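A.B. asks: Please model the entire structure based on the sequences and the hints provided.
One letter stands for each residue in the lines below.
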Amino acid sequence: MENKDYKTIKRVRWTITRVLELLLVLAWIFPLVWMVITSLKLESEVVTREFTFLPSNPTLANYIKAFTSTYILKWLLNSLYISTFTMVLTIAVDAPIAYALAKIHFKGREVLFWLVMAGMMVPFQVLIVPLYQQFNSYGMINSLAAAALPRVALPIGIFILKQFFEGIPDALEEAAFIDGANRFTIFARIILPLGKAAITTVVILSFINAWNDFLWPLIIINDSVKYTITVGIANFQGTHGTQYSLIMAGAVVASLPQLIFFLIFRRKIIDGIAMTGIKG
Amino acid sequence: MKKLLTVLALLLIALSLFAAGAKEEAKSSEKIELTFWSPFTGGDGEFFDAMIEAFNNSQDEIVMKNDMVKFDDYYTKLTTALAAKTAPDVIVVHQGNMPNYVNGSLLALDDLVSKDILDDFQSAPLDACRFNGKLYSLPLDVHPIVMYYNTDILKEAGITKLPQSAEEFLAAAKQVKEKTGKWGLGIDNTTGTYKAYTLTRLFFSMIAQQGGSFLNSDNTKANFNNEMGVKALDFLKEAVAMGVNPNELDYDAAMNMFKLGEVAFYFNGVWATGTLEQTAGLNFKASPLPAFFNDGSCWAGSHTLAIPVQKNQDPAKVEAAIKFIDWMTANGELWAKAGHIPTRKSVAEKDSFKALPYRSDYVAAAAVALPTPSTPAWDEVYGTSSDMLEAAVTKNQDSKSALAAMEKKVNEIIASY
Amino acid sequence: MGIPGNKDLRDGILFSLPFMIIFALFMIFPLVFGLIISFYKWDILSSPSFIGLKNYLDLFKDEKFYSSLWHTLEFVLITTPVLLFLGFVMALMVTGKSPLKGLMETVFFVPYIFSMTVVSTLWAWLMQKDFGFFNQVIKLCGGTGVSWLTSEKNAMWSVSLATFWWTAGFNMVLFTAGIKQISKEIYESAVVDGASYLQQVFHITIPLVSSTTVLCLILQVIASFNVFGQVYVMTGGGPAGSTRVLVQYIYEAGFKYFKMGYSAAMSYILFLIIMIISVLQYVLLGKKKD
Numbered sequence: 001m002e003n004k005d006y007k008t009i010k011r012v013r014w015t016i017t018r019v020l021e022l023l024l025v026l027a028w029i030f031p032l033v034w035m036v037i038t039s040l041k042l043e044s045e046v047v048t049r050e051f052t053f054l055p056s057n058p059t060l061a062n063y064i065k066a067f068t069s070t071y072i073l074k075w076l077l078n079s080l081y082i083s084t085f086t087m088v089l090t091i092a093v094d095a096p097i098a099y100a101l102a103k104i105h106f107k108g109r110e111v112l113f114w115l116v117m118a119g120m121m122v123p124f125q126v127l128i129v130p131l132y133q134q135f136n137s138y139g140m141i142n143s144l145a146a147a148a149l150p151r152v153a154l155p156i157g158i159f160i161l162k163q164f165f166e167g168i169p170d171a172l173e174e175a176a177f178i179d180g181a182n183r184f185t186i187f188a189r190i191i192l193p194l195g196k197a198a199i200t201t202v203v204i205l206s207f208i209n210a211w212n213d214f215l216w217p218l219i220i221i222n223d224s225v226k227y228t229i230t231v232g233i234a235n236f237q238g239t240h241g242t243q244y245s246l247i248m249a250g251a252v253v254a255s256l257p258q259l260i261f262f263l264i265f266r267r268k269i270i271d272g273i274a275m276t277g278i279k280g
Numbered sequence: 001m002k003k004l005l006t007v008l009a010l011l012l013i014a015l016s017l018f019a020a021g022a023k024e025e026a027k028s029s030e031k032i033e034l035t036f037w038s039p040f041t042g043g044d045g046e047f048f049d050a051m052i053e054a055f056n057n058s059q060d061e062i063v064m065k066n067d068m069v070k071f072d073d074y075y076t077k078l079t080t081a082l083a084a085k086t087a088p089d090v091i092v093v094h095q096g097n098m099p100n101y102v103n104g105s106l107l108a109l110d111d112l113v114s115k116d117i118l119d120d121f122q123s124a125p126l127d128a129c130r131f132n133g134k135l136y137s138l139p140l141d142v143h144p145i146v147m148y149y150n151t152d153i154l155k156e157a158g159i160t161k162l163p164q165s166a167e168e169f170l171a172a173a174k175q176v177k178e179k180t181g182k183w184g185l186g187i188d189n190t191t192g193t194y195k196a197y198t199l200t201r202l203f204f205s206m207i208a209q210q211g212g213s214f215l216n217s218d219n220t221k222a223n224f225n226n227e228m229g230v231k232a233l234d235f236l237k238e239a240v241a242m243g244v245n246p247n248e249l250d251y252d253a254a255m256n257m258f259k260l261g262e263v264a265f266y267f268n269g270v271w272a273t274g275t276l277e278q279t280a281g282l283n284f285k286a287s288p289l290p291a292f293f294n295d296g297s298c299w300a301g302s303h304t305l306a307i308p309v310q311k312n313q314d315p316a317k318v319e320a321a322i323k324f325i326d327w328m329t330a331n332g333e334l335w336a337k338a339g340h341i342p343t344r345k346s347v348a349e350k351d352s353f354k355a356l357p358y359r360s361d362y363v364a365a366a367a368v369a370l371p372t373p374s375t376p377a378w379d380e381v382y383g384t385s386s387d388m389l390e391a392a393v394t395k396n397q398d399s400k401s402a403l404a405a406m407e408k409k410v411n412e413i414i415a416s417y
Numbered sequence: 001m002g003i004p005g006n007k008d009l010r011d012g013i014l015f016s017l018p019f020m021i022i023f024a025l026f027m028i029f030p031l032v033f034g035l036i037i038s039f040y041k042w043d044i045l046s047s048p049s050f051i052g053l054k055n056y057l058d059l060f061k062d063e064k065f066y067s068s069l070w071h072t073l074e075f076v077l078i079t080t081p082v083l084l085f086l087g088f089v090m091a092l093m094v095t096g097k098s099p100l101k102g103l104m105e106t107v108f109f110v111p112y113i114f115s116m117t118v119v120s121t122l123w124a125w126l127m128q129k130d131f132g133f134f135n136q137v138i139k140l141c142g143g144t145g146v147s148w149l150t151s152e153k154n155a156m157w158s159v160s161l162a163t164f165w166w167t168a169g170f171n172m173v174l175f176t177a178g179i180k181q182i183s184k185e186i187y188e189s190a191v192v193d194g195a196s197y198l199q200q201v202f203h204i205t206i207p208l209v210s211s212t213t214v215l216c217l218i219l220q221v222i223a224s225f226n227v228f229g230q231v232y233v234m235t236g237g238g239p240a241g242s243t244r245v246l247v248q249y250i251y252e253a254g255f256k257y258f259k260m261g262y263s264a265a266m267s268y269i270l271f272l273i274i275m276i277i278s279v280l281q282y283v284l285l286g287k288k289k290d
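Residue numbers (full-length UniProt numbering), protein chains in the order written: chain R, 1 to 280; chain L, 1 to 417; chain U, 1 to 290.
It is worth saying that the hints were derived from the structure and are not from the lab.
These figures come from a predicted structure and were not determined experimentally.
Among the hints, erroneous ones may be present.
Stretches of chain L that chain R covers, calculated by requiring three or more beta carbons in the stretch to come under 8 Å of a beta carbon on chain R [said to hold, decoys possible]:
| # | segment |
| --- | --- |
| 1 | 68-76 |
| 2 | 373-383 |
Distance windows between CB atoms, simulated [said to hold, decoys possible]:
| # | chain 1 | residue 1 | chain 2 | residue 2 | range |
| --- | --- | --- | --- | --- | --- |
| 3 | L | Lys400 | R | Leu73 | 33 to 41 Å |
| 4 | U | Val201 | R | Lys107 | 20 to 28 Å |
| 5 | R | Glu174 | U | Leu9 | 38 to 46 Å |
| 6 | R | Arg13 | U | Ile21 | 52 to 60 Å |
| 7 | L | Ala54 | R | Pro257 | 16 to 24 Å |
| 8 | L | Ser123 | R | Arg49 | 46 to 54 Å |
| 9 | L | Lys395 | R | Gly108 | 31 to 39 Å |
| 10 | U | Phe60 | R | Leu22 | 50 to 58 Å |
| 11 | R | Trp114 | U | Leu73 | 42 to 50 Å |
| 12 | R | Leu20 | L | Ser287 | 52 to 60 Å |
| 13 | R | Leu73 | U | Leu73 | 55 to 63 Å |
Using N, Cα and C, we set each Cβ at its ideal position, and we do this for glycine too.
C.D. replies: What follows is the structure, encoded as structure tokens:
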């Protein structure tokens, strides 16, 4: 008898927990749903005391305006360009140093590590003027490459990779070393293949970071045709007065590609970070 | 090896992207191409874009390319570019921001603009563009703060004559509240997307209306900690304390409430006119800022057009830039659609301008408009005063001590430049 | 464990080089430039004049500096513990036995991929006083609207709330990593001993993810100290400057008020504070872990 009661209690508890979880999931996703709903309404239905949940006359007017009166497609392309560029270079520079920090016992390693960390602590605002002057002297103002380069060294990426590489048993490297391999072959043949998960994670993080960057691309890029999507949609905000439905439509368009990108690689990112911890 | 190849391939891609980004330019055409930065986004931007397009269609020597930057970050971008002498051929600068740019960043225009053109400008806004005896820009518009009022609400509340003084405004606002349940006044007093600049603009105007000034005559000290300042602040506080003006009201909310017909009297720059006219179902009128005290003096800003100094200044481009500026100001009636007041005498005479509602009245307002104090400290003074007035009004602080604290702060700021 | 051969130094340098080149160009160089500028009075446009330590001395007398620093600290103190807690709880949920765990993991992480601008405008809109979703619903239920962003009492909390939604998912993923590396046997033997779920969490999970906690803590504190974007977009630093954080003041001092030297000096103070706190956390908590 007691056993049966216990089972019922357990089942009820299970159900309640699942319901609570489901509610939490719905609440968490809701702001995004609201973003889409707002973008499908006319501004007159948005700024009103008569609250409606779903649009009474769903309209694509805001999207049509966004696509016809701006370079939004070009902006998306530019963002894709910059993000890809950043992503590729980030991995090329982050992975080797992460390996060095994780596995090579050289003098000054601690100092180097803190230097990298320090890169995360600097308020970017102080770098704007010197960076701009520097790119100016290279004749690179108004180029997409200049918009991407300062974001290439991604300290958090090093952090994740280092964490992961530390978890790869030393014994593997030692065995390879005895077989006559040097650091570079070890890095290329053992570390990189084993670190695929973490690398994927960093690739995606750097892509997202570059995609979302705002202030720097705004400063360095002059032609509105060359804006990134994040910079471009900021102009939907009026000089005086905010039009919420239009801004939300812009936000949806700007976020959709990275959302798709994320959903495709969802497992890879999350598992990637999750596998960061094989270290014992 | 395969990995190494992959890495190499990736680097190649990276480099090609790099190269693609770096190589640009190399377009050839007989037309002179000019670049232009403006902070007009959203509603204003549409009027402005139309104007640029009209300019490009009006002649075939010059092609103007307009790049808009969101206002919040416009000056950051502009300053950075000016410092590197890479700014575009023509820029928009607010008259109040000019003191920061006139030491070598902008081209002096005295010898470049013909006397005929200069004579066509209203003298007040033009003189405001002179610094140390030189002309650094030409005014595109003047945009004073004005009053908008909802005619339906006033009718419902039985107000047939516009109030004529600060007391009458509070009384009328109270009448609106009692008769209709709506808000009498809609003065924004809280920072949201924008700072509560409206408070400073009104405070600034009201001191002038009593014969005073916000800063002293050489702009070195605050000049508002006196009876006039107290009267002005009392009015702003009273409106909230009496419950006829919403508290914790930000700029966007104030605008939206007026659009929805929930506010009788609303104060904002002339730039709101175009947007309000497009609002369906809103019956309103606009008038110059009323005399709360002795006269109708009012705060005003001014967008001006300037030519940045370049590393290698191309005389042909400068000449084209002057032509552009001349055209833009001479066709100010197009910009007046957004609400801004043109600065050329000839524009005020055009029928197409006179046909626009309110704008002719605005011209009168522009005549009594107060120029922004000419000091590099102005932006910080303006922002800080707005913060402090915001606290005083929303928290109903004692006027005398609030103004004393504000005076101390403003003096400190000016001294730090 | 190093590999014998004594080429560690050479290899270390070679492997660090690509990063260091980029880092030196785009981080160290501008940083040094900033440091030099902090000893000058400079309006960006004209030539700088050397004023020694004046900028640093001035900022210790500047009330606005203190109030901005305090608002930043307030934000750090609010967000750090909550974000660690949320991240951990979410990680527990997605590593448990729930059939919804895959869905939860995706949904909790998704906000993190959105840009600051999108997240901030979206939440400013949800929290808009008159027409925003939250207040519309509160009013439908018969309540009176809350001044989410326009009252001094609430504004910092509202910005924090948006930040929780935006970034908790990242901490969740880090904690998930930590939890997944705990061997199942430890839990199994605990269950045999009759330990409840909560007991398992407190006696096994929390102690065993401590290295992840330290990692999260350090990253979170750094991120929170550098807060700017979401505050700037959502409240503009208001009401009456009550949410103006230090980075906003740094930005305004430099680019709106043309005090680049002063702005750089403040950046360095902030940088120093973050550095000291991070090193302290690393040394103190890192030691304890061993």
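A.B. asks: Work down the list of hints and note, for each, if the structure agrees.
C.D. replies: How the hints compare with the structure:
1. 68-76: holds (count 6)
2. 373-383: violated (count 0)
3. L:Lys400 <-> R:Leu73: 33 to 41 Å: violated (59 Å)
4. U:Val201 <-> R:Lys107: 20 to 28 Å: violated (42 Å)
5. R:Glu174 <-> U:Leu9: 38 to 46 Å: violated (19 Å)
6. R:Arg13 <-> U:Ile21: 52 to 60 Å: This hint holds: roughly 58 Å between Cβ atoms.
7. L:Ala54 <-> R:Pro257: 16 to 24 Å: violated (35 Å)
8. L:Ser123 <-> R:Arg49: 46 to 54 Å: Between L:Ser123 and R:Arg49, where Cβ atoms are some 47 Å apart, the hint holds.
9. L:Lys395 <-> R:Gly108: 31 to 39 Å: Given a distance of about 55 Å, which is not inside 31 to 39 Å, the answer is violated.
10. U:Phe60 <-> R:Leu22: 50 to 58 Å: holds (53 Å)
11. R:Trp114 <-> U:Leu73: 42 to 50 Å: Since R:Trp114 and U:Leu73 have Cβ atoms about 23 Å apart, the given range 42 to 50 Å is violated.
12. R:Leu20 <-> L:Ser287: 52 to 60 Å: holds (58 Å)
13. R:Leu73 <-> U:Leu73: 55 to 63 Å: violated (44 Å)
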